[in-house]
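From first to last, the protein sequence lines are chains A and B.
Residue numbers for the first sequence, in our numbering: 29 to 102.
Residue numbers for the second sequence, in our numbering: 750 to 1437.
Because the hints were derived from the structure by calculation, they are not lab data.
Keep in mind it's a predicted model, so treat the numbers as computed, not measured.
One or more of the hints may lead you astray.
Stated by the list, open to error - BS3-like, lysine-lysine: derived pairs with alpha carbons at most 27 Å apart: (1) A:88 with B:1185; (2) A:52 with B:1105; (3) B:958 with B:1105; (4) B:1148 with B:1190; (5) A:88 with B:1381; (6) A:71 with B:1340; (7) A:93 with B:1340; (8) B:811 with A:99; (9) B:1182 with A:100; (10) B:1105 with B:1182; (11) A:99 with B:1352; (12) A:71 with B:1432; (13) A:71 with B:1103; (14) A:93 with B:1189; (15) B:1340 with B:1309; (16) A:100 with B:1309; (17) B:1182 with B:958; (18) B:1103 with B:959; (19) A:100 with B:1253; (20) A:99 with B:1189; (21) A:71 with B:1257; (22) A:99 with A:71; (23) B:1340 with A:99; (24) A:88 with B:891; (25) A:93 with B:1185; (26) B:1253 with B:1189; (27) B:1189 with B:1103; (28) A:88 with B:1352; (29) A:88 with A:99; (30) A:71 with B:778; (31) A:71 with B:959; (32) B:1352 with A:93; (33) B:778 with A:93; (34) B:1257 with B:1105; (35) B:1257 with A:88; (36) B:1105 with A:100; (37) B:958 with A:71; (38) B:1105 with A:99; (39) B:1258 with A:71.
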Amino acid sequence: MTSLILFLLITIVLFFYVLSPFFKDFETVPEQNEEREVEDFLKSNVEEFEEDFELGKITKEELDKFEEDLKKGI
Amino acid sequence: MRIVGLYSLYFAHALALWGIVVSLIAVFKKDLRGLKSSERTLISIFILTTISVMSLLVAFLKDDFTIRYVYDYSRTTQPLIYKISALWGGMDGSLLFWEWLLSLYSILAIYLARKKIFNLIPFSSFIFFLVQGFFLFILTFKTNPFAPLLDPSGVAVSSQVASTIDGNGLNPLLQNLYMAIHPPLLYFGFVGLTIPFAYLLSALWEREKKPLYLVPLRYFSLYSWLTLGMGIVFGSYWAYLELGWGGYWAWDPVENASLMPFLTATAFLHSLFMEKKRGLFKSLNYFLVVATFVLSIYGTYLTRSGVLQSVHSFGQESSSVPWVFQLGNIFLFFMALIIILSLIIAFLRRDILKSKGEIESSLSKESMVLYGNILFIIFTFFVFFGVTSPIFYRIFYGKELHNGVEFYTPKAIPVTLLILLVMAIATVAPWGKGSKDNLKKNLIFPVIVGFFTAIAGFLVLYSNPFFFNSLSFKDKAIYYFLSLFAIAGFSATLIFQEFYRGIKRKFKKHSKILSLFVFFTDNPGRYGGYTVHLGIVIFCIGVAFSTTFQQKFEESLNVKESFLADKVVFELEALDHDDFRTDINKVNELKIWASVNLFKGGKYLGTLIPERVHYKSTIERNEPPSYEVAIKSTLFKDYYLILSGFDTNEGSAILTLFVNPLVSWLWIGSFLILIGGIIAMLKVRRQK
Chain A
29 MTSLILFLLI
39 TIVLFFYVLS
49 PFFKDFETVP
59 EQNEEREVED
69 FLKSNVEEFE
79 EDFELGKITK
89 EELDKFEEDL
99 KKGI
Chain B
750 MRIVGLYSLY
760 FAHALALWGI
770 VVSLIAVFKK
780 DLRGLKSSER
790 TLISIFILTT
800 ISVMSLLVAF
810 LKDDFTIRYV
820 YDYSRTTQPL
830 IYKISALWGG
840 MDGSLLFWEW
850 LLSLYSILAI
860 YLARKKIFNL
870 IPFSSFIFFL
880 VQGFFLFILT
890 FKTNPFAPLL
900 DPSGVAVSSQ
910 VASTIDGNGL
920 NPLLQNLYMA
930 IHPPLLYFGF
940 VGLTIPFAYL
950 LSALWEREKK
960 PLYLVPLRYF
970 SLYSWLTLGM
980 GIVFGSYWAY
990 LELGWGGYWA
1000 WDPVENASLM
1010 PFLTATAFLH
1020 SLFMEKKRGL
1030 FKSLNYFLVV
1040 ATFVLSIYGT
1050 YLTRSGVLQS
1060 VHSFGQESSS
1070 VPWVFQLGNI
1080 FLFFMALIII
1090 LSLIIAFLRR
1100 DILKSKGEIE
1110 SSLSKESMVL
1120 YGNILFIIFT
1130 FFVFFGVTSP
1140 IFYRIFYGKE
1150 LHNGVEFYTP
1160 KAIPVTLLIL
1170 LVMAIATVAP
1180 WGKGSKDNLK
1190 KNLIFPVIVG
1200 FFTAIAGFLV
1210 LYSNPFFFNS
1220 LSFKDKAIYY
1230 FLSLFAIAGF
1240 SATLIFQEFY
1250 RGIKRKFKKH
1260 SKILSLFVFF
1270 TDNPGRYGGY
1280 TVHLGIVIFC
1290 IGVAFSTTFQ
1300 QKFEESLNVK
1310 ESFLADKVVF
1320 ELEALDHDDF
1330 RTDINKVNEL
1340 KIWASVNLFK
1350 GGKYLGTLIP
1360 ERVHYKSTIE
1370 RNEPPSYEVA
1380 IKSTLFKDYY
1390 LILSGFDTNE
1400 GSAILTLFVN
1410 PLVSWLWIGS
1420 FLILIGGIIA
1430 MLKVRRQK
């Protein structure tokens, strides 16, 4: 019985929890500033090509080209 | 607790439907309220399904036999671990567990990489609600784990009556520690595959140009691939220990059902890497992600619909249920819905699916990944054909068709060898146009090593009469083995060459000893991948030897008698059993066991104790007792002993022995794959 009452309380709370955003006025989803994420993404990808360059697997020209391609891709 | 669990499910189902509506509001109207409400709905569904799972667990622990599912899969005397694992031991509970995991993963997918996938949250939530809505629909209307136990007159059994009865107990084959781990691991993987599917569909729908979402997508894909792979390995190990036929993989339809998404996910992980680095294979990735997700549902369909007979099947539905409401058909409808939705989105966003980069050389790393993916798709296709053709054969010809080892193995061997070869070359293949001279320079030494490995392997086979007599020059097998030895040597050398380069590079910053342990930290993805590849080579050698050179012996012995096999003496020391007068209702099991001593050249090697186990269910159904095999495992061979027959009055036993070479290599290879996968998931910032 106790668990049933607890369950009923939880359902009431959850009910209001999911509905409550609609008690406010309309607002559009805000744009995110992804500058830092983009920077991180580029950096981690370029670093792997740099490792290949250090290991002699690719040339400096190729490294620059891949870096350029990555920037274009973003 | 039954009512709490039941109503939690109903409420969660209603919320999933609400979630579909509010997430679509967020998708089409860009309404922040819809987004917030859908996120809160995901959390609420998780809370409710957790309550549901906990209610069922408590019911198992308290032996609440008023619930049919608890009655079917538990007993008062069942050990605690199997009362817990009974949660996923049957169809209803396993689907509840699936849904609970999905609700957890949905939240993790939304919150763990929030900044990278913010634009994708509304549509991803819609996908999660759609899939959760489907599973909750099945749970509430078709396979409700809280359905009451009925007495013969169809009235729900009361708690007073339930306290006087005992349950059926978990299937004896499932009463094994590895079987307690195998299904959840598989589900971790299967369910995790929903996340890449949701992300990629959302990215396409939202015309996402920045590939930031590829980062969390890779992590979730890798995690799902790894857990699915480990689930398959644990399942194989369970089959090896529990089924008593000396093997670990039988190309069973349901084993294949887990193999198919694993193969496409493997292909996807590689081409995803190319998309992240070079903007390639966008449409291929989309196809692979959709195929992987659909195949994971297809696997569930095969297991649950009863359409195929397998050790894993959950049984067939009564034909009195209207076809539209039959469980198998509901799964088919859902798969059709997913495929149609994916096709529509692909058509509407076909301009986005064009790759930004292009392949510049047929010998580049990019090309190798493409060749590998084509081979993985071919592999998946023939497994799919092998699993699915019996269904159509039955429909059109009215006869049963069983595709077994003879169907799959001849196709799997050449494809696997080619995959291993491409995998090896890809290790040193250059990016972009690359330099062919550089590639040649990198390949010379590994090719020489591969040549000598083939010769060494041939000599090993030649020096062992049993190995050599099992093969013939007219037979393809010898050529396959030579190719395997050559490719394995070639591949392992390339990988160690790369490890050496990585370690050498670290010498500049660390001591030589420390470099050995931290060389992978600059690029965990790369070195983790190489470790996985090394594990795969070792795994394949184990599979090749253990399936080709298995030896079988069968002997009838009295106590103190012995037999010789593989230069080892097996002496039946004793045959013993539990007290058969014990009431089976008061214990979980009754055992019969043989103690067998092993000697080689007069030296004692150890004692093996194979068992046969009676459970209440086997006694009631008049079935023979279950097998518990005993294994003496070494690096080069396993002695796998089964108590096939026994006469406790006469003190005699029939012992079946399998000598399985290199089985340990499978588990060592799998362990390396696990370690490599974990390394690949590490995120370590490079030290400048």
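Structure-based check of all given hints:
Between residue 88 (chain A) and residue 1185 (chain B), the direct Cα distance comes to roughly 16 Å. Compliance with the 27 Å bound is thereby established for this hinted pair. For the suggested pair residue 52 (chain A) and residue 1105 (chain B), the alpha carbons sit about 42 Å apart, so the restraint of at most 27 Å is broken. Between residue 958 (chain B) and residue 1105 (chain B), the direct Cα distance comes to roughly 11 Å. Compliance with the 27 Å bound is thereby established for this hinted pair. Taking the CA atoms of residue 1148 (chain B) and residue 1190 (chain B), the gap is near 57 Å; set against the 27 Å cutoff, the hint is violated.
About 56 Å separates the Cα atoms of residue 88 (chain A) and residue 1381 (chain B), which puts this hinted pair outside 27 Å; it is violated. Only pairs whose Cα atoms come within 27 Å are accepted, and residue 71 (chain A) paired with residue 1340 (chain B) is rejected, the gap being roughly 62 Å. For the given pair, residue 93 (chain A) sits about 70 Å from residue 1340 (chain B) by alpha-carbon distance, which is inconsistent with the 27 Å threshold. For the suggested pair residue 811 (chain B) and residue 99 (chain A), the alpha carbons sit about 60 Å apart, so the restraint of at most 27 Å is broken.
Between residue 1182 (chain B) and residue 100 (chain A) the CA atoms are separated by roughly 19 Å; this keeps the pair inside 27 Å, and the hint holds. A hinted pair counts as satisfied when its Cα atoms are at most 27 Å apart, and residue 1105 (chain B) with residue 1182 (chain B) qualifies at roughly 16 Å. For the hint pairing residue 99 (chain A) with residue 1352 (chain B), the CA-to-CA distance comes to about 68 Å; that exceeds 27 Å, so the pair is violated. With a C-alpha separation of about 13 Å, the suggested pairing of residue 71 (chain A) with residue 1432 (chain B) holds against the 27 Å cut-off.
For the given pair, residue 71 (chain A) sits about 24 Å from residue 1103 (chain B) by alpha-carbon distance, which is consistent with the 27 Å threshold. Taken as a hint, the residue 93 (chain A) and residue 1189 (chain B) pair is honoured in the structure, with Cα atoms around 23 Å apart against an allowance of 27 Å. The suggested pairing of residue 1340 (chain B) with residue 1309 (chain B) holds, with an alpha-carbon distance near 21 Å, which does not exceed 27 Å. For the suggested pair residue 100 (chain A) and residue 1309 (chain B), the alpha carbons sit about 78 Å apart, so the restraint of at most 27 Å is broken.
Straight-line distance between C-alpha atoms of residue 1182 (chain B) and residue 958 (chain B) comes to about 26 Å, which keeps the hinted pair within the 27 Å bound. Between residue 1103 (chain B) and residue 959 (chain B) the alpha-carbon distance is near 14 Å, which keeps this suggested pair within the 27 Å criterion. In summary, the hint linking residue 100 (chain A) to residue 1253 (chain B) is not supported, as the alpha carbons are separated by about 34 Å, beyond the 27 Å threshold. Annotation: proposed proximity of residue 99 (chain A) to residue 1189 (chain B) is violated, straight-line Cα distance about 31 Å (limit 27 Å).
The hinted pair formed by residue 71 (chain A) and residue 1257 (chain B) meets the criterion: a straight-line CA distance of about 22 Å does not exceed 27 Å. The hinted pair formed by residue 99 (chain A) and residue 71 (chain A) meets the criterion: a straight-line CA distance of about 10 Å does not exceed 27 Å. For the hint pairing residue 1340 (chain B) with residue 99 (chain A), the CA-to-CA distance comes to about 68 Å; that exceeds 27 Å, so the pair is violated. A C-alpha spacing of about 62 Å is found between residue 88 (chain A) and residue 891 (chain B), which places the hinted pair above 27 Å, so the restraint is violated.
Between residue 93 (chain A) and residue 1185 (chain B) the alpha-carbon distance is near 18 Å, which keeps this suggested pair within the 27 Å criterion. Between residue 1253 (chain B) and residue 1189 (chain B), the direct Cα distance comes to roughly 22 Å. Compliance with the 27 Å bound is thereby established for this hinted pair. Distance hint between residue 1189 (chain B) and residue 1103 (chain B) is unfulfilled; the C-alpha atoms sit about 33 Å from each other, more than 27 Å. Of the supplied pair hints, the one linking residue 88 (chain A) and residue 1352 (chain B) is violated, its CA atoms being roughly 64 Å apart against a limit of 27 Å.
Proximity of residue 88 (chain A) to residue 99 (chain A) is assessed by CA-CA distance (about 17 Å); at most 27 Å being required, the pair is judged to hold. The hinted pair formed by residue 71 (chain A) and residue 778 (chain B) fails the criterion: a straight-line CA distance of about 35 Å is larger than 27 Å. A hinted pair counts as satisfied when its Cα atoms are at most 27 Å apart, and residue 71 (chain A) with residue 959 (chain B) qualifies at roughly 14 Å. Distance restraint check for residue 1352 (chain B) and residue 93 (chain A): the Cα-Cα separation of roughly 66 Å exceeds the 27 Å cut-off, and the hinted pair is therefore not satisfied.
For a cut-off of 27 Å, the pair hint linking residue 778 (chain B) to residue 93 (chain A) is broken: about 40 Å separates their Cα positions. About 37 Å separates the Cα atoms of residue 1257 (chain B) and residue 1105 (chain B), which puts this hinted pair outside 27 Å; it is violated. Of the supplied pair hints, the one linking residue 1257 (chain B) and residue 88 (chain A) holds, its CA atoms being roughly 21 Å apart against a limit of 27 Å. Pair hint residue 1105 (chain B) plus residue 100 (chain A) holds up; C-alpha atoms about 9 Å apart against a cutoff of 27 Å.
Distance check on the hinted pair: residue 958 (chain B) and residue 71 (chain A) sit about 18 Å apart at the alpha-carbon level, within 27 Å; holds. Note on residue 1105 (chain B) and residue 99 (chain A): the hinted pairing holds, with a Cα-Cα distance of about 12 Å set against a maximum of 27 Å. Restraint check for residue 1258 (chain B) and residue 71 (chain A): the C-alpha separation of about 21 Å stays at or below 27 Å, so the hint holds.
Violated hints for the displayed structure, listed by number in ascending order: 2, 4, 5, 6, 7, 8, 11, 16, 19, 20, 23, 24, 27, 28, 30, 32, 33, 34.
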